[in-house]
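Undergrad: Okay, here's what each chain looks like letter by letter:
Protein chains: 2
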Amino acid sequence: MAKTQKYVYFFGGKKAEGKADMKALLGGKGANLAEMVNIGLPVPAGFTITTEVCTYYYKNNHKYPKELKAQVLNALKKVEKEMGAVFGDPKNPLLVSVRSGARASMPGMMDTILNLGLNDVTVQGLIEKTNNPRFAYDSYRRFVQMYGDVVLGLKPKDKHEHDPFEVIIENKKHSKGVKLDTELTADDLKELVQEFKTAIKEKTGHDFPDDPMEQLWGAIGAVFGSWMNERAIVYRKLNNIPEWWGTAVNVQSMVFGNMGEDSGTGVAFTRDPATGENVFYGEYLFNAQGEDVVAGIRTPHPISELAKENPALYKQLDNIRKILEKHYKDMMDIEFTIQQGKLWMLQCRVGKRTGFAAIKMAVDMVKERLISKEEAILRIEPNQLNQLLRPIFDSEEKKKAVESGRLIAKGLNAGPGAASGKVALSAQDAEEMAKNGDKVILVRIETSPEDIKGMNAAEGILTARGGMTSHAALVARQMGKVCVAGCGALKINYADRSISVEGRDDVYIKEGDYISIDGSTGEVILGKLETKPSEVIQVLITKTLDPKDSPTFQTYNSLMNWADSIRRLKVRTNADQPDQASNAIAFGAEGIGLCRTEHMFFGENRIMSVRKMIVADTVEERKAALSELLPLQREDFEGIFRVMKGYPVTIRTLDPPLHEFLPHTEKEINELAQALGISYQTLKAKIDSLHEFNPMLGFRGCRLGVLYPEITEMQARAIIEAAINVMNEGVKVKPEIMIPLVGHVNEFKLQEDIVRRVADEVMKEKGKKIDYLVGTMIELPRAAVTADEIATRAEFFSFGTNDLTQTTFGLSRDDAGKFLPLYVQQEILPADPFETIDQQGVGKLVEMGTKLGRSSRPNLKVGICGEHGGEPASVEFCHRTGLDYVSCSPFRVPIARLAAARAVLNERTTKTTKSKVAAKPKAKSAGKTKAKAKKKSTK
Amino acid sequence: MAKTQKYVYFFGGKKAEGKADMKALLGGKGANLAEMVNIGLPVPAGFTITTEVCTYYYKNNHKYPKELKAQVLNALKKVEKEMGAVFGDPKNPLLVSVRSGARASMPGMMDTILNLGLNDVTVQGLIEKTNNPRFAYDSYRRFVQMYGDVVLGLKPKDKHEHDPFEVIIENKKHSKGVKLDTELTADDLKELVQEFKTAIKEKTGHDFPDDPMEQLWGAIGAVFGSWMNERAIVYRKLNNIPEWWGTAVNVQSMVFGNMGEDSGTGVAFTRDPATGENVFYGEYLFNAQGEDVVAGIRTPHPISELAKENPALYKQLDNIRKILEKHYKDMMDIEFTIQQGKLWMLQCRVGKRTGFAAIKMAVDMVKERLISKEEAILRIEPNQLNQLLRPIFDSEEKKKAVESGRLIAKGLNAGPGAASGKVALSAQDAEEMAKNGDKVILVRIETSPEDIKGMNAAEGILTARGGMTSHAALVARQMGKVCVAGCGALKINYADRSISVEGRDDVYIKEGDYISIDGSTGEVILGKLETKPSEVIQVLITKTLDPKDSPTFQTYNSLMNWADSIRRLKVRTNADQPDQASNAIAFGAEGIGLCRTEHMFFGENRIMSVRKMIVADTVEERKAALSELLPLQREDFEGIFRVMKGYPVTIRTLDPPLHEFLPHTEKEINELAQALGISYQTLKAKIDSLHEFNPMLGFRGCRLGVLYPEITEMQARAIIEAAINVMNEGVKVKPEIMIPLVGHVNEFKLQEDIVRRVADEVMKEKGKKIDYLVGTMIELPRAAVTADEIATRAEFFSFGTNDLTQTTFGLSRDDAGKFLPLYVQQEILPADPFETIDQQGVGKLVEMGTKLGRSSRPNLKVGICGEHGGEPASVEFCHRTGLDYVSCSPFRVPIARLAAARAVLNERTTKTTKSKVAAKPKAKSAGKTKAKAKKKSTK
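Protein chains in written order, with the working numbering: chain U, 20 to 958; chain A, 20 to 958.
Think of the hints as simulated: they come from the structure by calculation, not from any bench. Check the hints yourself; a few may be wrong.
Repeated chains share a single entry, so a pair holds when one copy, or any two copies, can fit it.
[As the list claims (entries may be wrong)] Below, simulated DMTMM-like cross-link-like pairs (lysine to aspartate or glutamate); rule was C-alpha separation at most 25 Å, straight line:
#	residue 1	residue 2
1	Lys863	Glu814
2	Lys348	Glu36
3	Lys82	Glu71
4	Lys863	Asp807
5	Lys863	Glu302
6	Lys870	Glu808
7	Lys551	Glu530
8	Lys341	Glu685
9	Lys510	Asp636
10	Lys870	Asp807
11	Lys38	Asp200
12	Lys863	Glu808
13	Lys837	Glu732
14	Lys703	Glu465
15	Lys768	Glu846
16	Lys209	Asp457
17	Lys78	Asp903
18	Lys705	Glu521
19	Lys472	Glu324
20	Lys703	Glu685
21	Lys429	Asp636
22	Lys195	Glu180
With the rest of the complex left out, here is chain U (with noise of 0.2 Å):
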């Protein structure tokens, strides 16, 4: 005979029926109450009903199993045996919450009741237990109330219409003469309850059920009900929580805290979730209910003060957070109450808390052994890790500046951190402006390949226009700068060295006025804030601080360790300059995966021969001017070479159009035009004819190096040049040259023996041997579907998923901003595929690219080298592509080894459970295992 299904779950006393691995069934409430019970923790006894009923109610026309209703009162019973007391006594009644409790939190969004099982019978029995009427007849009004707007519907029929109920009490205050809720007596709360009843009879024509009993299966269904009010289905949708989950219902004992000055309520949280530190921390306030703490009408006591207004108390407390931490094995954020001196538990669920606090704790509970490295890594989202590492704003004055009105815009978080200083609306300025000393935020309104150099003078890079990867972006990230990306309010005007701001006719900020700006949030804040560099940052980059003083740093440094002792995926740098290699380096870096060499070209002593080289007109002019180059160049691989002794260095030919490196203003199209003895009139008609329509799509990349063999030549040789030079040295070096935008592998052929050829010629001239790899950026679709015959070729492939990514969905970065917002915010795009991978389109390209690739090269070395690299689902994805490594900016370095770590131990995660799943296909619980799988996949 087929076992009765269980829809009940009884807690309380000593012993659960649940448990809290079930939250699937029983919801995240009702699993954590019966594990507290378990764990021998005091908990108001209760029952829940599972989640199934409320799968079943939508699918049965909002009927309940047959079993329900015995189960119910069969676990009713038990609480009754357990809390002494009688639902529905005259005397003793017993009095009980009905709460929904769902898989995941969805806080506010669906029903609750208090205080069921009231009449004016059991009120009675209330007030002789606790001989207080006005307490008795104030639970009993607060009841109807809530049974009321919940079950029967009594509430306003839209946002301008008062509260039915509040339009009563305030009635009822203005005809007793008096302003607070608190001051009306039991008599008045008892004429509240009877003038309650009748406007419920007269508004909704039901009449309010005395029997307990009858509320009680009211209100259980109320709370089933909310299940599907719009609120909820809004919610869910926007939390991706699935409708076929359902809520469980959890009815529970009541306690109260405000049965005099012997009771109590309060919240805490197991550690700081603030600063992660490992002391009790929380508030309470003893004769008040939990609603009256969360209000604020109050002020409650931090509870370090209850060690010393009762010790006892204060010392059961915290032993249960003792307790709850040693068997949850995490910080717990936990809601109890005191009734007439005896501590009830009634909430438990993991606390929330701040990056840094999350790290701080996580390691030190490896180091309690509470936890393992392996769940320290889990329990760490990878972008946490930039509180560790960004110059930060105090909090406190920030807070004060923002509260006096002083925040008047917000763009994108584009480089996270804090940085303040005086407005330069020019590179030239921003230089200028630092070298007398001042800090400087430049305001741009876009940034271009010319601001190189004011970006890197200044603190902090703040732009009108351009997305999370503008040229601002990208480089403020890559440098290491602070950055407020697209702030779209922000009018800046050129001609007249201002900013106005849209929306905020007071502020007019002139250049050289003060300005602060926090990348971690996209605030930009009116005038000066003070920064300070992080520890790690102190430790690592700067120096300034020993490690062995910074605790912060030891944390850090302890989950890099265990990050880099679980990952498989290397983790390289975007870097052009010896000092970016090497800040990389200390952050853990493992190579360059990406190596511009244009940055370099527009150094104060090189630009002019790199517009002498584009203007040319014959191959000998070209190649005069890019003889003044090599030498240059050879220097700088140089400078990179020794820096990153012996790591791989990924070095890409020349990729921008090369209009980017042509002059714009008339001043310097006329010392060009000296320099190279022509006419104005001839260099401007030259650089017209280099405009494109679609500059992206245009002469960049290996078209360049085809189209002008003797660039990459020259860059050939300053390379291999370079490496012997340092190898001379007796330094390692491992040069790989990455040649870019290759659409067809014929394109890559002729690169290649280019460089072929100029480096057997160096090697032969210098008699020195190397190695170097050379290989190519897979950034076009068409090279990711013909990636089997470019890897015949192409020793290895780097995706660039910046340009794949705009052609793959032909979207170009700096245009997109006018409707991608807008996608995002829709949800048209579960998220912008400039910050994380798509992995559905661009994602498919790059699993193509690289199986075909191996399909012709097996030990093909596959990297990624686009923003993604340093973005933590990105990183993931990689790691289930199989690649090798990523490549990000240095200060994302970090969070990729972080992130690589995630991604080996959640793959092992998903091994498991398709490993159970494949274990027992056919066994009972299929129906079960199927249902699991589905919520993997819609997570």
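We have chain U already, so just place chain A on it with the hints.
TA: Then chain A, alone, in the frame of chain U:
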């Protein structure tokens, strides 16, 4: 015991050992010589040494197979017997020619030796046989000269050196005081022979071999050697002829057309290769050698004269002509020699022909029951149809113009046909000049949508910039206009309304001057040339010619009917206007595959409303502007639906970047500002704000409709209202609404929802239901790789391969002019991917998109509407990929119909070949089969 391998194939008399289908083994020449023998034609006896010997020769260090010598001697014996002469005999010497003969024709690439077998002894025999010492010594002299050059290597060391033999001849003429070779006497020639031999010995160290057998082997070695000469290698590379094919060597008895007035020589085609007419076409000369006809020293006579001069011979030849056509079932190109009254056939091969002739001959031969209609279709390159469709220059007049230096430049042959008219340098000028009754050629640096009306008014369009799919080229082909694009030599000066031409200082063209362009060749010719529409156009479009009166039209029509009976692919057209649509139907279109709604936006009474819509600040303003456009768009669609009479019409919602519609001149901006009641500055700022860095990847396609749903609403309403209105007139209507530039299924969903909602509204308002489809363009790589998701909603796909090519390659067609021509020229890319679809890259995405799309919607209708839809190789690709239809500009419809039929036939051939290969995988011929397959793939 293994049979000895056969390396030598005899031909002559009534029987040859080879035949026509042995080209791979015997080369084209050898196979056809054998075939002619077999069908009873008089061929001088000889033998062919197979290509396998060539392969052996190169594999075995320039050695021959050991069996070869005996087989050659044996064959030579048969030749001697057949010709009644003996090789090396002093009295009756057999002379032979030794010629190469590869599988594919490689004209002039390899070496030939004539008159072999002569020496001081045999020359006497020749004198006796012919009684003509001068002839004998001239033959001897020629032989020594050729042999010295080809076999013994006495030739000029470089281009600057004179031919050493010619120097000796010049000296001889000088010393004899004569000017022409023909003035040299037998004795002079005899002296020359000795002087040649002395020179050979002195300069090469080799004795000239007197032994005919030594001569023969030397010549055979030289011919095999010439397979690897530099010219031949380059030629093979250019023509994709694999090296391993090798060449055969033909050794054939000499016959002489210069043995007196009863001898002669000639070349002929079995039909007119220019017009295709079924007449004998060729030239002959009596008492002459082949080279005399070619050299042009004497003027040959048309073959028709032979009928009078020597009716018997003519009859014999004409009979051979008939035998050949009946046997080969094709027009043949023949060479013949008459030696002392006897006719000998020296060569026959399939003759080259013009497109016009190819079509006429193929159709005629079907009617003559020589070939099947399938064979006819396979014989015509679809693009050859252009020669039946386009207006044409009188060829004589054009030739004269070119000869007089009026050909001033060449651009891309972007829109076939011929046009002549006055130069207009702006669209407005073009319109005005056309209104005054002038024929106009619109000459622009490049064109934009604003120029549409001017382009329509012009006879032809000539641009200095832009490729085969530039705006000018696309629109021209759609309009059926002649177009030469990307003619970089033109320097167009809008300021002083003139054109100069690079490298032609003598040319200066003012606006209003006459110019002529040939869009089939890209030629630009100064001054006026007369043109006329083709007969097919006169029948189908201008309707000025009765089909009965045009044999050319009937030819066209037969061919098209046959193609239609074979093809599976439907052919639609890209058309925005009723007249275009109606032309397309005349050309056989079966629907519209792409109706661009934005082309309608440039009409005089519309552009202002469009501009109002674009610069609108509020939804209300935008809706007001759109409501002005609604009735106009509805009328457009009504016009098209009426013409299309129930054929499906795919209408694309608004696609281009909005700034394309905005005014750019101060005057226009002022006008619009006044109309809108805003200031010039405000409007200018608005226009500037719409500027994009990469408009191709910017705010366009469905992104417009997502941000401004009211645009899609208006267009959907216009389409459905028009459809119902036309249906109410009793005309069938099949609208297919197409959403452009979809990258994510969510974009499609949003747009589809709007279309369906509006359609429901309109149908309710009108009280009538209509069937319509909603589908999408697949023109982004992301759409192709996520086509399974998109097809859950989209009812049809249309591959927009223009944009798909741009994004897959990361290549802007507007900017690629700088490097793409070089890429094609240097064979980095096999072809311009905008001209013919890149099957390896873009094609892979098309295949993937089709497969994925049909995986979620098996009955998904799939088409292509890029310009590739009318390009034969791309059409064939579409057929193989399983598309339902191609869509192309009206004038390409016949080409696409023919290409679609050829695709079916080629597929049959491939399948037959494959099944044959599959049938005997383990047979002895496996090696050969492989070779065959390889040959296929190399072609």
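Undergrad: None of the hints should be skipped; say for each whether it holds.
TA: Comparing the hints with the structure gives:
no.: 1; hint: Lys863 x Glu814; in the structure: both (22 Å within a copy, 24 Å between copies)
no.: 2; hint: Lys348 x Glu36; in the structure: within (22 Å within a copy, 93 Å between copies)
no.: 3; hint: Lys82 x Glu71; in the structure: within (12 Å within a copy, 88 Å between copies)
no.: 4; hint: Lys863 x Asp807; in the structure: both (15 Å within a copy, 13 Å between copies)
no.: 5; hint: Lys863 x Glu302; in the structure: neither (51 Å within a copy, 64 Å between copies)
no.: 6; hint: Lys870 x Glu808; in the structure: both (12 Å within a copy, 22 Å between copies)
no.: 7; hint: Lys551 x Glu530; in the structure: within (24 Å within a copy, 70 Å between copies)
no.: 8; hint: Lys341 x Glu685; in the structure: neither (73 Å within a copy, 77 Å between copies)
no.: 9; hint: Lys510 x Asp636; in the structure: between (41 Å within a copy, 18 Å between copies)
no.: 10; hint: Lys870 x Asp807; in the structure: both (8 Å within a copy, 21 Å between copies)
no.: 11; hint: Lys38 x Asp200; in the structure: neither (40 Å within a copy, 115 Å between copies)
no.: 12; hint: Lys863 x Glu808; in the structure: both (18 Å within a copy, 13 Å between copies)
no.: 13; hint: Lys837 x Glu732; in the structure: between (41 Å within a copy, 21 Å between copies)
no.: 14; hint: Lys703 x Glu465; in the structure: both (24 Å within a copy, 20 Å between copies)
no.: 15; hint: Lys768 x Glu846; in the structure: between (43 Å within a copy, 12 Å between copies)
no.: 16; hint: Lys209 x Asp457; in the structure: neither (70 Å within a copy, 101 Å between copies)
no.: 17; hint: Lys78 x Asp903; in the structure: neither (49 Å within a copy, 44 Å between copies)
no.: 18; hint: Lys705 x Glu521; in the structure: between (40 Å within a copy, 16 Å between copies)
no.: 19; hint: Lys472 x Glu324; in the structure: neither (55 Å within a copy, 86 Å between copies)
no.: 20; hint: Lys703 x Glu685; in the structure: both (9 Å within a copy, 24 Å between copies)
no.: 21; hint: Lys429 x Asp636; in the structure: between (48 Å within a copy, 23 Å between copies)
no.: 22; hint: Lys195 x Glu180; in the structure: within (24 Å within a copy, 127 Å between copies)
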